[in-house]
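J.: As a plain string of letters, each chain reads:
4 protein chains.
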Amino acid sequence: MIIVMKRNYTPQQLEGVVDAIRVHGLTPHVTYGVETAIVAAVGEFHIPALDPFEILDGVETVKRISQPYKLGSRQAHPENSVFPVDGFTIGGDDIILMAGPCSVESRSQILETAHAVREAGANALRGGVFKPRTSPYAFQGLGEEGLEYLAEAREQTGMPIVVEIMSQTQLDLMLKYVDVFQVGARNMQNFNLLRALGETRKTILLKRGLSATIEELLMSAEYILAGGNKQIILCERGIRTFETATRNTTDINAIPVLKNLTHLPVVLDPSHATGDANYVLPIARAAIAAGADGLIVEVHPDPSKAVSDGKQSLKPEKFAEMVKQVKAIAEVMGRQIAPIKKPTAAGW
Amino acid sequence: MIIVMKRNYTPQQLEGVVDAIRVHGLTPHVTYGVETAIVAAVGEFHIPALDPFEILDGVETVKRISQPYKLGSRQAHPENSVFPVDGFTIGGDDIILMAGPCSVESRSQILETAHAVREAGANALRGGVFKPRTSPYAFQGLGEEGLEYLAEAREQTGMPIVVEIMSQTQLDLMLKYVDVFQVGARNMQNFNLLRALGETRKTILLKRGLSATIEELLMSAEYILAGGNKQIILCERGIRTFETATRNTTDINAIPVLKNLTHLPVVLDPSHATGDANYVLPIARAAIAAGADGLIVEVHPDPSKAVSDGKQSLKPEKFAEMVKQVKAIAEVMGRQIAPIKKPTAAGW
Amino acid sequence: MIIVMKRNYTPQQLEGVVDAIRVHGLTPHVTYGVETAIVAAVGEFHIPALDPFEILDGVETVKRISQPYKLGSRQAHPENSVFPVDGFTIGGDDIILMAGPCSVESRSQILETAHAVREAGANALRGGVFKPRTSPYAFQGLGEEGLEYLAEAREQTGMPIVVEIMSQTQLDLMLKYVDVFQVGARNMQNFNLLRALGETRKTILLKRGLSATIEELLMSAEYILAGGNKQIILCERGIRTFETATRNTTDINAIPVLKNLTHLPVVLDPSHATGDANYVLPIARAAIAAGADGLIVEVHPDPSKAVSDGKQSLKPEKFAEMVKQVKAIAEVMGRQIAPIKKPTAAGW
Amino acid sequence: MIIVMKRNYTPQQLEGVVDAIRVHGLTPHVTYGVETAIVAAVGEFHIPALDPFEILDGVETVKRISQPYKLGSRQAHPENSVFPVDGFTIGGDDIILMAGPCSVESRSQILETAHAVREAGANALRGGVFKPRTSPYAFQGLGEEGLEYLAEAREQTGMPIVVEIMSQTQLDLMLKYVDVFQVGARNMQNFNLLRALGETRKTILLKRGLSATIEELLMSAEYILAGGNKQIILCERGIRTFETATRNTTDINAIPVLKNLTHLPVVLDPSHATGDANYVLPIARAAIAAGADGLIVEVHPDPSKAVSDGKQSLKPEKFAEMVKQVKAIAEVMGRQIAPIKKPTAAGW
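Residue numbers (the working numbering), protein chains in the order written: chain A, 1 to 348; chain B, 1 to 348; chain C, 1 to 348; chain D, 1 to 348.
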């Protein structure tokens with residue numbers, strides 16, 4: 001932490017700053033400039049808030065020099081985190097494809113989609129049963145009934161299932177069914193939920209909030225890591241900007257920035273990041289070219305009948321075309337789509 | 001809802017659109033233009049999603065013509081909602097001032113602050129006991145101990161207490177203590193929490209999310225209203241933009257826009273909206289001049305020792321100065337700061 | 001400037017940084033921390049670019065500690081700049097009201113508007129004759145004909161005229177007519193234009209760009225100041241954000257922030273900042289309550305016939321109501337609307 | 001254009017709207033709904049402003065149904081625009097690589113860079129001689145001297161030169177030297193400059209403004225097209241958002257969106273879009289994977305000595321690595337980097 005004094009600071013004010021630094025267990029180093037003085041605070045400092053120093057008399061600004069996240073940073077863990085999910089390994093050379101409908105709508109819908117995406121090359125099945133909908137009048141999900149259908153789809157196809165959790169009160173029920181817990185954009189800073197997930201040993205797919213900075217995403221991951229759960233997949237899904245031509249703005253920069261700052265695997269959701277099935281394929285290719293470790297994509301057997309997100313859902317045949325294109329880009333990157341695990345005995 | 005066909009639409013595609021409209025229980029009206037056709041769908045239509053129509057063959061765009069919120073709109077309820085909280089009435093001519101520290105830190109801190117803000121003219125006491133902190137390593141609040149101190153402060157001063165709730169799991173505990181439940185910006189779309197609060201009959205202070213549109217704020221209020229709870233205060237607290245000179249950007253436009261769209265009372269939080277105690281007073285004055293029904297302000301007896309938000313907290317004497325200035329603006333607006341309720345027998 | 005070294009920096013890298021600082025004529029001060037080292041560069045440093053240091057081997061980040069603008073800062077000039085325009089003085093206690101149509105459309109339109117706004121209490125007349133229109137197919141302004149009508153309006157009413165300049169090629173023509181040159185939001189970083197205006201001794205109304213930071217606005221003012229022209233009025237006119245309920249988002253925080261950082265007068269344009277005549281009055285009141293030195297407002301005798309910006313233009317009678325309300329707020333602030341200069345002999 | 005009436009509209013108000021539509025030479029079609037009426041205005045309508053209708057009594061909202069740009073749209077010109085620049089053809093299957101320093105700093109710097117980027121595979125040389133700098137105290141470019149050095153580099157290498165123009169007053173001078181005129185982000189809405197360039201028959205590289213929407217970019221292209229100049233290359237270079245981890249946010253969605261809406265070629269500038277040489281390669285790959293027709297990249301022989309943009313400039317050897325990677329992605333896309341034109345007799 002570096003504290004810059006105001007131009008007309010007094011010796012008493014500088015002393016006050018030096019004392020405050022010592023009170024926090026840090027060592028102050030003062031540099032006298034032409035017009036001001038700079039005080040560096042050296043030592044371990046775990047509280048990211050700068051407020052206590054910013055409001056001291058005579059202080060112009062306070063600048064943080066270390067990252068506020070620890071466990072998720074490359075400095076703490078220089079190698080990529082690589083960990084197995086039932087059916088694939090993420091964080092290594094393999095590209096992981098997660099696909100399925102926005103909402104589980106019926107048994108036949110999810111089973112049909114599951115078989116279709118698996119045949120096309122998907123590694124995991126996504127599907128929502130508790131839906132965070134902007135409107136209280138919109139479809140809110142099938143709940144446990146949906147989880148049962150998903151479990152049946154897993155049994156038939158061998159694919160692990162990725163399901164969004166909206167509240168820690170759903171955790172006990174979901175633990176019985178779910179392989180990968182998705183935390184949606186609107187819950188990225190639901191800290192109670194993050195803490196609860198940190199206590200589990202399930203893989204967490206943590207989506208970036210609509211207007212969350214990359215640093216805030218890493219701070220939210222830190223909540224889960226601090227609980228001892230190290231299996232986190234970060235997901236860029238588009239941010240909110242002034243541009244209205246697309247539902248969100250894909251922050252493609254976030255892929256190489258995250259790969260640089262953290263050891264956790266990073267995937268992209270081209271469906272939400274564009275909001276339009278017509279743009280999913282080019283953005284899926286771009287994500288892999290930029291270094292993403294995988295994709296999570298919305299697929300629906302008949303998007304015009306989907307109860308939610310129909311506009312951004314791919315038909316299964318278009319998803320198959322996406323897999324082909326992504327495969328070609330992956331090869332240029334020296335990577336490959338994760339091989340499909342053999343189906344279980346109960347499978348097809 | 002209006003559906004605009006593509007230039008090269010076919011009669012079959014137009015028929016498909018007309019059929020889809022009928023399937024949803026609406027009446028289609030077709031207008032043939034020079035290059036395209038426009039189909040208006042007339043009737044009651046409660047599902048705000050336009051996706052099912054947007055992806056029909058031959059459709060260029062779909063435009064909504066009615067607001068997606070109902071209960072919160074001025075159309076449904078042209079008069080201002082006016083309702084009593086224990087100690088004051090909000091939504092009428094009175095300006096309400098809520099003040100207190102970001103976090104309850106100790107018994108003496110909250111009692112000292114409570115007396116100070118009441119003497120200065122505050123109508124309600126704010127204070128957090130469960131803190132949504134970006135970092136898992138930061139102070140997370142005193143929990144029930146803090147609620148007890150707040151209750152004691154209420155008893156001594158007669159002011160109702162405003163406390164943030166982060167999760168519906170905290171509801172039972174908090175119901176025993178809290179007068180006004182604050183939903184923080186990060187939880188504005190925590191729909192499970194909103195639904196739970198809709199079941200209570202407590203006043204809810206609903207803060208706008210960091211990057212939530214005004215329409216989304218009203219949709220979140222709709223979740224609470226749909227549960228039968230009509231006592232909602234909306235709160236503008238600054239939005240996230242590209243500007244970094246202040247912590248957030250006060251969307252002062254939101255005040256008259258909300259007063260135009262909804263009958264619910266609207267307040268502003270100049271502490272979060274600026275992030276700097278030096279700018280709280282001018283923005284507090286501006287809010288009242290723009291038509292806000294009140295303010296919620298952070299006050300701390302010694303901001304340099306605050307465990308959170310010290311930089312944006314007013315000292316009690318500066319808060320007293322703010323009240324004086326706000327009072328003068330209120331009078332120009334033909335309003336007045338709500339009179340302080342007489343203290344209870346148990347009071348000072 | 002402060003340079004933070006990477007954790008694993010080498011002594012050679014640190015030496016390289018120290019050398020680079022000396023090459024730029026600055027004095028390096030090294031502080032050794034637990035995991036890194038910090039180098040403060042002390043001395044005069046006029047080049048705001050940090051790039052040459054950011055890319056040195058072993059450097060983690062570089063942080064600027066002094067403001068990049070000099071002439072416009074409060075540090076250089078602690079007192080408010082107060083200067084006369086023909087007809088009023090700005091920067092002191094007086095509130096200045098500039099009003100008129102978006103575009104000069106005809107002789108009768110501008111004369112009618114001029115008399116109406118003057119009677120209502122305006123101090124200056126605004127009107128565009130070269131229009132920066134998004135579409136090449138839209139009305140582009142009357143050019144010199146419009147300037148002549150404005151000059152006639154000035155003669156009749158005694159009000160100075162405020163006209164937007166789009167290019168330095170228009171300067172010679174406009175110098176013959178114009179009292180205050182307005183630089184529009186889209187030209188805030190048209191540096192050739194700014195430099196040309198810095199050579200004049202006319203008052204410049206410099207509008208903030210749609211997505212310009214407050215610091216960038218001050219840097220653009222610096223271009224004019226560096227040419228020796230000190231008569232600059234800064235204008236907040238709304239910024240571009242994700243919110244679509246209003247045309248722009250009024251950054252009301254910018255008023256007190258600018259008053260803190262610079263000695264130049266600051267006004268607000270509630271017409272562009274909201275885009276809707278229904279919201280102009282509350283935002284005009286808010287601006288004065290926040291400390292603005294004046295307002296620039298669009299007024300049209302018949303907004304439904306305006307060739308541009310009709311939606312955000314006030315009718316003269318509504319402008320008169322605005323003046324009344326603003327006057328009342330100004331009095332609370334200990335200020336008053338600038339008295340109207342007596343008309344010239346040629347006047348009414 | 002569709003006009004939605006307020007719920008409580010009167011027959012007189014509806015008549016007023018119908019009349020206004022007729023006055024503009026359009027045909028009104030009224031649809032009566034349950035609570036409101038909708039009026040479609042059918043016919044040719046070239047004025048994109050909706051204001052004259054929005055402010056009519058009884059009108060709730062007005063929605064545009066046709067795009068405001070004509071010449072640049074896919075509807076007007078379904079096939080890709082393909083046109084030759086001296087040295088390559090853009091808009092077809094070839095990927096074009098433009099590279100060079102931010103600023104021309106000296107004869108040796110630009111000659112060295114030109115040979116290096118050509119050897120690595122560049123098709124055109126970029127270099128600025130008039131620099132739009134935020135600060136008046138920063139290096140402003142070499143002017144004509146720089147143009148002479150660029151011309152010499154062209155003679156030696158055979159590459160056409162791409163140079164930014166800041167004002168129409170520079171046009172006559174630059175026409176003697178420049179092959180491709182770059183319009184920078186800050187000048188995207190400098191309409192006088194756009195109009196002047198529309199009169200030339202030179203290729204224009206039009207960069208998107210920092211906070212310009214995709215539609216506004218196309219409207220700016222329309223200014224040039226309306227002058228008869230059809231040789232326009234659109235350039236995505238990052239937009240301004242709340243994220244500060246990178247200098248700008250690459251709007252990768254803009255690539256497929258633009259390819260869908262317009263026939264003009266689209267390139268990406270990964271240097272400005274990220275602001276960091278460490279992220280240029282992944283974003284360059286992503287752009288090609290998303291369908292871009294080329295790249296414009298900053299290259300400097302010694303970035304640590306660059307007078308501007310050093311942080312985001314590639315060293316020549318890193319640029320060569322980028323070309324190799326981009327070539328591999330291009331092949332997957334069924335495209336190739338444009339072959340290098342044979343050097344002229346005067347060449348190497």
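Honestly, the hints are just simulated from the structure, not real lab data.
Because the structure is a prediction, the values reported are computed rather than measured.
Possibly wrong hints are sitting among the right ones.
The list cannot tell twin chains apart, which means a pair is met if one copy fits it or any two copies do.
[Unchecked claim] In silico PhoX-like links for lysine-lysine, alpha-carbon gap of 25 Å or less:
| # | residue 1 | residue 2 |
| --- | --- | --- |
| 1 | Lys-6 | Lys-318 |
| 2 | Lys-6 | Lys-176 |
| 3 | Lys-6 | Lys-315 |
| 4 | Lys-341 | Lys-324 |
| 5 | Lys-324 | Lys-70 |
| 6 | Lys-70 | Lys-318 |
| 7 | Lys-63 | Lys-202 |
| 8 | Lys-63 | Lys-305 |
| 9 | Lys-6 | Lys-63 |
| 10 | Lys-305 | Lys-315 |
| 11 | Lys-63 | Lys-230 |
| 12 | Lys-318 | Lys-305 |
| 13 | Lys-6 | Lys-70 |
| 14 | Lys-305 | Lys-6 |
J.: Indicate, hint by hint, whether the structure satisfies it.
T.: Against the structure, the hints:
no.: 1; hint: Lys-6 to Lys-318; verdict: between (61 Å within a copy, 22 Å between copies)
no.: 2; hint: Lys-6 to Lys-176; verdict: neither (59 Å within a copy, 45 Å between copies)
no.: 3; hint: Lys-6 to Lys-315; verdict: between (61 Å within a copy, 21 Å between copies)
no.: 4; hint: Lys-341 to Lys-324; verdict: within (18 Å within a copy, 34 Å between copies)
no.: 5; hint: Lys-324 to Lys-70; verdict: neither (38 Å within a copy, 36 Å between copies)
no.: 6; hint: Lys-70 to Lys-318; verdict: neither (41 Å within a copy, 31 Å between copies)
no.: 7; hint: Lys-63 to Lys-202; verdict: neither (37 Å within a copy, 40 Å between copies)
no.: 8; hint: Lys-63 to Lys-305; verdict: between (52 Å within a copy, 19 Å between copies)
no.: 9; hint: Lys-6 to Lys-63; verdict: both (14 Å within a copy, 16 Å between copies)
no.: 10; hint: Lys-305 to Lys-315; verdict: within (12 Å within a copy, 49 Å between copies)
no.: 11; hint: Lys-63 to Lys-230; verdict: neither (30 Å within a copy, 33 Å between copies)
no.: 12; hint: Lys-318 to Lys-305; verdict: within (17 Å within a copy, 49 Å between copies)
no.: 13; hint: Lys-6 to Lys-70; verdict: between (31 Å within a copy, 15 Å between copies)
no.: 14; hint: Lys-305 to Lys-6; verdict: between (63 Å within a copy, 21 Å between copies)
When the structure is compared with the earlier hints, violations turn up for hints 2, 5, 6, 7, 11 and for no others.
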